[in-house]
Amino acid sequence: MTDAHCALDMKGITKTFPGVKALSNVNFSVKFGSVHAVVGENGAGKSTLMKVLNGSYPPTSGTIRVGGAEVRMRRPADAQALGVRMVHQEINLVPDLSVAENVYLGRMPGKWTLLRRREMVAKATAVLEELGAAINPRERLGNLSISQQQLVEIAKAYAADPRIIVLDEPTSSLSEHETAALFSILRKMRDDGIAIVYISHRLKEVLQIADEVTVLRDGSMIETRPIQGITAAEMISLMVGREVNNVFPKSPAAIGAPVLSVENISDGRHFRDVSFDVRAGEILGLTGLVGAGRTEVARAIFGLSQLTGGTVRLGGRKTAVRSPSDAVKAGIAYVPEDRKGDGIVPAMCVRENISLPILRQLSRLGRISHGADRALAGHYVSQFAISPPDGERRINLLSGGNQQKAVIAKWLAAKPSVLILDEPTRGVDVGAKAEIHNIIGQLVAEGMAVLMISSELPEVLGVCDRVVVMRDGHASVPLDRKALSEERIMALATGEEVA
Amino acid sequence: MRYVSLALQYRVGIILGLTLIVSAMLVPGYVSATTLSLGLDRAATIGLIAIGLTVLLIAGQIDLSAGSVFALAGIVSIMLQPQLGILPAAAAGVVVGMVAGAINGALVVGLKVHSLVLTLATMLIFRSIAHWITDSQPVTGTDIMFSLALAQIYLDVFTVRSALFVAFILLLHFWLTRTIPGRNVFAVGSNAVAAEESGIASGRILFFGFVFAGTLAGLAGVLQSLVTNTGSPVFGSTLIVTVIAAVVVGGTRIEGGKGSALGTLGGVLTIGALTVAMEFQSVPAYVQQVVSGFILILLVVLDRTVNTRRKAAADRPAFVQGNPIKQGGSA
Amino acid sequence: MIEKRNLLYVAAAAMLASTGLAHAKTVCYVNAADSHAYATPANEALQERAKELKIEILSLSQDFDVQKGTEQLNTCVARGVDGIILWPLDPQAYIPGLARAQQAEIPAILINSPMGEEAKPFVTSFTGPDVYEEGEMAADALNEALGGEGSVVIIAGQAGNGTTIGRVGGFEDRLKEISSGIEVLDTVNADFDQQKALVVSRDLITRFGDDLDGVYANDDTMARGFIDAWKEANPSKPTPPIVGINGQKDAFESIRTGEMHATIVQSPVEDGRLAIETMARILDGEEVKDRLPIPLTVVTKENVESVEPAF
Amino acid sequence: MTDGVAGVAHMKSGDRFTRGSKAVEALSKAGLLIAILAVVLYGSIANAAFFSTGNFLNVLTSMSIVGIVVVGMTFVLVVGGLADLSVPATIACGAILSLGLQPMIGPVPSFVVAVALAGAIGLLNGMLVGYFGVNPIIATLGVGTIGLGIVQAAVGGVIVYGTNPASAELVKGRLFGIPVVALIFAAIAIVGHFVLSRSFWGRWTLATGGNYSAAEASAVPVRAVKAGAFVITGLAAGISGGLLGLTLQSARPLVGTGYEFSAITAVVVGGVSIIGGFGSVPRAIAGLVFVQLLTNVMVLEGVRTPVQGFVLGTLIVCAVGMDAALRKRGGA
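Residue numbers (my numbering), protein chains in the order written: chain A, 1 to 499; chain B, 1 to 331; chain C, 1 to 311; chain D, 1 to 332.
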């Protein structure tokens with residue numbers, strides 16, 4: 001590998017925080033004109049490594065070479081000057097500026113601080129067109145949908161003529177359809193000679209797009225290999241340091257009577273005439289493209305938004321759920337999609353998070369019973385093997401998977417008869433994913449009805465008994481898993497028939 | 001429906017227009033060049049401070065200390081007159097405002113603390129200094145004739161102050177909409193992290209935002225002191241509430257990211273027009289308070305309604321606004 | 001209820017303004033504040049007398065904000081009134097506004113507080129008590145009570161306020177003038193506020209203890225605050241001689257019981273009346289003197305029964 | 001993505017990490033106590049009058065009125081409501097009505113009505129902030145202006161005097177040598193502390209301030225909780241105003257001026273986060289005690305009023321600066 005081909009060469013990178021060694025002696029290099037995937041469990045150091053590369057965290061020790069020359073990056077601006085661009089997993093744009101201004105954020109064209117708006121809009125139009133995104137560059141960014149915003153984020157990185165582009169879970173809010181479009185863009189960029197660093201939990205995507213793959217574990221680099229000749233199973237075992245055989249355990253449970261039935265529900269905006277029922281002991285999958293209205297259905301059932309039509313029945317009785325407290329009383333629980341945003345109260349400890357929905361039951365005359373509070377947390381910490389097993393620890397000090405377990409525990413404490421899980425395993429590492437699937441399996445075995453929203457088709461097919469596919473705010477009838485394949489679901493989700 | 005949302009968007013203009021029309025009909029002597037020029041002169045003090053505060057609010061910050069800076073800068077510009085002469089002393093006063101703004105900015109950016117608390121503290125500090133250096137007595141300038149000249153009305157409409165205010169507001173409008181730093185202020189106020197990661201030095205922008213706000217508060221204070229030939233430690237003690245109200249009535253969002261110079265102009269003029277109209281009718285001060293408080297709340301609630309409506313539109317799935325991806329294969 | 005009354009108020013004012021303009025003269029009254037123990041009765045007296053004199057009053061309240069007042073003078077000029085009565089809160093700041101009024105040939109007089117020498121050419125007269133003189137009278141009263149020596153504290157009004165400056169300045173200058181042996185231990189600001197006076201008095205009593213021979217408060221409200229603090233700290237001990245200003249009812253009560261030594265009656269009613277009467281004479285084309293004082297009376301136990309309280 | 005760092009933290013040297021932040025937390029808690037002790041020590045050495053029962057009772061009485069507001073304001077800051085700037089209006093409402101209604105309905109009902117109306121102003125704030133999503137600064141500023149205007153209009157802009165000296169004596173009196181006002185303050189502080197730290201409402205308040213959407217998705221009635229903090233402050237300020245009116249036996253519309261800033265100062269110096277989600281009543285009261293003792297020492301030492309303001313302002317800067325620095329260290 002000569003320097004000329006080597007876009008990025010990081011040697012002996014170590015990054016310590018007070019009391020923590022986040023990266024130790026990592027070597028990592030990427031060639032121009034290739035896609036290099038980085039995989040690893042949560043907390044393996046991927047994000048830290050990318051922040052070093054992005055200039056957000058100056059490394060404690062080690063050298064970085066970009067295009068052969070040794071560089072020092074202390075701020076994101078330094079990295080950008082070197083042609084390193086980052087596409088974040090969370091959308092990190094300015095909602096109050098226009099699309100064009102976002103695409104050129106931090107480097108708007110102009111002279112003497114005077115903005116050349118027309119030039120900027122023209123250039124942004126060209127870039128967006130090249131990416132195949134039909135977005136008006138004059139539109140206020142905040143008015144776009146999430147997936148459109150994700151495309152603007154990618155356009156922003158692309159418009160900067162980067163030499164190296166880093167994508168952190170770029171497909172997390174894209175549907176399979178849009179993911180495919182993104183991949184064709186990435187291939188084009190690669191062919192233009194750009195070095196692409198691709199971070200993802202979705203190993204299938206990695207196999208599809210990457211030329212090389214680097215596995216990180218516990219802050220150290222485990223291995224870099226060409227993509228040919230590596231399998232998903234091998235990657236997983238490198239990531240977790242052990243073999244994981246059954247990723248999607250499906251424990252059979254006796255299926256009983258319908259617990260939750262919705263009939264022709266609409267919210268007047270995102271979905272219309274949606275009907276399905278979830279039976280005791282059953283996992284009903286709800287899938288479809290992002291924006292098809294899945295999360296909105298869940299939020300409306302849980303009372304976070306209002307229904308404009310249709311009926312919701314619980315155990316056969318018609319129920320009006322106007323707020324989350326109504327939902328809790330009715331026996332519905334909801335584990336939201338955005339864990340950090342909607343799931344946890346970061347400044348509170350695990351115990352306080354778990355007891356939040358049922359505080360009133362734990363209270364007498366307004367006073368929280370300390371003993372009951374502790375007992376509840378202790379119970380779930382041990383049942384779900386939340387690590388570290390300490391209910392008094394602040395929840396944001398836990399790993400993503402353990403946070404998610406605590407969020408699920410929070411809802412089980414409310415003893416619901418229906419559990420709605422919205423993307424329960426997104427952003428969770430492989431080991432924790434299996435544990436979460438195990439927990440769900442136990443719950444249905446005990447007779448709970450589970451409605452699970454997921455975009456990951458192998459997961460949907462592996463875990464769910466029946467599947468509802470949504471498209472454009474409409475839902476299909478529940479389909480039996482045995483009659484489904486990934487191709488069939490995609491066909492229903494996109495409305496395109498498979499050849 | 002479209003008219004409703006259009007009306008909501010230009011609500012400041014509509015309220016201003018309504019105020020003017022109703023006042024013109026009910027208040028005798030309201031429509032005249034004198035009223036206009038004097039009303040404008042009155043609005044200028046609030047307006048100059050509002051210009052600085054508009055930038056700060058857009059950047060997501062607030063400055064409660066402006067009233068104290070107003071007093072302090074005025075005092076310095078008067079106290080230094082015997083040593084420096086009137087104009088250099090005035091310049092020194094503006095510099096004091098600038099320095100005060102720099103102190104605010106450095107502390108907010110350096111300590112990373114909420115500007116509400118920080119400027120509450122510096123409000124106390126600057127006010128204390130004003131009392132300290134004057135021994136709590138008003139100080140008098142050397143030349144009353146200069147004050148009288150400064151208060152003259154030119155071209156039948158403008159005083160030096162109101163001309164400066166109008167000029168600055170137009171400059172601000174241009175700066176906020178047509179320059180790169182101006183747009184970056186919006187970026188920082190709307191999403192500071194994104195701005196920072198895009199290479200915008202948000203700390204520097206905030207710092208200069210405070211310096212700018214301090215300078216303008218200083219300028220307003222110096223002009224006030226020159227016009228009245230007095231520097232007083234009690235000047236401007238209730239000013240900031242009116243200024244915040246004017247800026248917010250003008251549609252600038254207090255959480256940052258949204259606002260405009262012309263909106264602020266509208267807000268300042270609305271409050272000015274309303275005050276003059278009510279004073280012309282000798283409406284008791286407490287009734288005036290109720291009216292201005294009510295308008296403030298009304299406009300902010302309207303603003304929330306507009307935003308909720310917009311947000312609802314943004315929540316719409318991609319397909320409603322047209323398929324975002326033209327090409328690309330399916331599974 | 002309240003809303004309704006205000007609506008009526010506005011409507012009435014509008015009607016008066018539109019119909020009455022032709023006959024009646026309009027006088028702009030820039031007062032210190034709408035709601036204040038002294039200012040409110042003064043305002044009311046002025047308004048009432050104006051009605052009798054068939055003068056319409058355009059009443060603007062500064063709310064103790066000098067800057068607001070300087071701007072309100074502009075409103076008066078713009079409104080094209082026939083005369084201006086100004087309650088100055090600062091010795092200087094209003095001069096440009098008054099000059100503007102003079103340019104527009106609107107006569108202006110001052111009520112209650114004086115302004116500096118430079119303001120003289122711009123005002124026709126100054127009616128009302130002399131706050132400086134009040135300070136002097138208070139000094140005399142306290143000097144007499146203490147027999148010419150002892151240590152006192154001054155509980156002053158708002159720092160920087162014209163009344164405070166006059167009342168404190170007059171007091172201190174007079175003590176020097178008569179070469180009294182009274183020593184001023186400290187001057188603290190309590191902003192004409194009873195609660196603030198109560199708090200600072202507690203600290204003063206703790207701090208000076210038995211060294212405290214007398215108290216001069218810039219008004220009776222603050223004197224009340226001191227008395228309350230004293231009673232808290234020394235329930236059995238009699239209060240030291242306290243001199244206040246304004247002549248409020250409860251101050252009279254305190255003088256009767258011996259809690260207070262003296263107050264200086266300054267009648268807000270006379271203050272307000274004199275101002276509008278003077279303005280009426282000016283509007284009729286009469287010459288008036290440039291200084292028209294209202295009587296000030298020192299009230300002690302001797303004459304407390306024979307003098308009417310101010311308010 | 002702090003996730004990664006935190007994850008590693010617990011895998012490798014998690015204990016050291018938390019111990020670090022615990023030490024920081026302890027320091028930030030103890031810091032205030034040390035500061036209070038330092039002031040007491042300095043005061044005792046510098047001024048003979050300082051360390052006496054009489055003086056401490058003075059300080060206690062003086063801080064009680066604002067202290068009651070501090071208890072309410074703590075809820076507003078913790079719930080993420082920034083600040084309640086309508087306090088001067090609610091205090092005036094409490095003071096004026098509790099005196100003004102006495103001739104009509106007697107002292108006790110007047111007090112109750114006054115506090116209830118102050119609570120209603122708080123409710124209006126709460127509705128605007130909690131249910132309409134109006135920025136608290138603007139909402140409370142606007143409502144405060146309107147409220148004060150109406151209160152002024154109601155009494156025609158004059159001063160209201162008390163007509164029932166017995167009620168004044170009761171409030172100004174002492175029980176077991178402790179001023180009654182201080183006892184009322186202590187009772188309110190204890191109730192406030194209990195509600196915030198031990199009751200479900202308090203936990204809800206902390207959760208709403210810590211992460212609004214997560215609390216909402218956890219079936220916490222976030223809007224009501226947010227509104228509730230303003231109602232609590234309204235009630236507290238109403239009580240405070242009523243007591244103030246009874247002590248002074250007179251009430252002006254501007255009687256409450258400055259109390260909002262004093263209360264915010266105390267809460268912030270006590271280390272309660274202005275961003276919400278963190279804080280307690282004892283902390284806020286420790287901040288209040290510190291500020292009051294410092295002011296007391298300064299007055300006893302004859303420090304001039306402007307200098308006092310300067311010191312107080314500098315103190316706030318130091319307090320928030322230190323809080324921010326400690327928090328950064330703590331990695332939270």
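Hints are computed from structural coordinates only; laboratory data are not their basis. There could be a bad hint or two in this list.
[To be verified] Think about it this way: if two alpha-carbon atoms lie no more than 20 angstroms apart in a straight line, the pair counts; the simulated DMTMM-like pairs of lysine to aspartate or glutamate are:
#1 C:120 with B:255
#2 C:249 with C:277
#3 C:176 with C:210
#4 D:172 with C:232
#5 C:231 with C:250
#6 D:172 with C:250
#7 C:237 with C:211
#8 C:301 with C:140
#9 C:196 with D:301
#10 C:237 with D:301
#11 D:172 with C:213
#12 C:289 with C:277
#13 A:318 with A:392
#14 A:318 with A:273
#15 C:231 with D:169
#16 C:176 with C:232
[Unchecked claim] Distance ranges between label pairs, derived from CB positions:
#17 D:311 with C:231: 45 to 55 angstroms
#18 B:25 with C:290: 33 to 43 angstroms
#19 A:118 with B:9: 21 to 31 angstroms
#20 D:48 with C:258: 44 to 54 angstroms
#21 A:322 with B:9: 55 to 65 angstroms
#22 B:9 with D:165: 53 to 63 angstroms
We put the beta carbon where it would ideally sit given N, CA and C, even for glycine.
Hints, verified against the model:
| no. | hint | in the structure |
| --- | --- | --- |
| 1 | C:120 with B:255 | violated (50 angstroms) |
| 2 | C:249 with C:277 | violated (26 angstroms) |
| 3 | C:176 with C:210 | violated (24 angstroms) |
| 4 | D:172 with C:232 | holds (8 angstroms) |
| 5 | C:231 with C:250 | holds (16 angstroms) |
| 6 | D:172 with C:250 | holds (18 angstroms) |
| 7 | C:237 with C:211 | holds (14 angstroms) |
| 8 | C:301 with C:140 | holds (16 angstroms) |
| 9 | C:196 with D:301 | holds (18 angstroms) |
| 10 | C:237 with D:301 | violated (25 angstroms) |
| 11 | D:172 with C:213 | violated (25 angstroms) |
| 12 | C:289 with C:277 | holds (13 angstroms) |
| 13 | A:318 with A:392 | violated (40 angstroms) |
| 14 | A:318 with A:273 | holds (17 angstroms) |
| 15 | C:231 with D:169 | holds (12 angstroms) |
| 16 | C:176 with C:232 | violated (33 angstroms) |
| 17 | D:311 with C:231: 45 to 55 angstroms | violated (30 angstroms) |
| 18 | B:25 with C:290: 33 to 43 angstroms | holds (42 angstroms) |
| 19 | A:118 with B:9: 21 to 31 angstroms | holds (24 angstroms) |
| 20 | D:48 with C:258: 44 to 54 angstroms | violated (30 angstroms) |
| 21 | A:322 with B:9: 55 to 65 angstroms | violated (32 angstroms) |
| 22 | B:9 with D:165: 53 to 63 angstroms | holds (59 angstroms) |
Checked against the numbered hints given earlier, this structure breaks hints 1, 2, 3, 10, 11, 13, 16, 17, 20 and 21; the rest are met.
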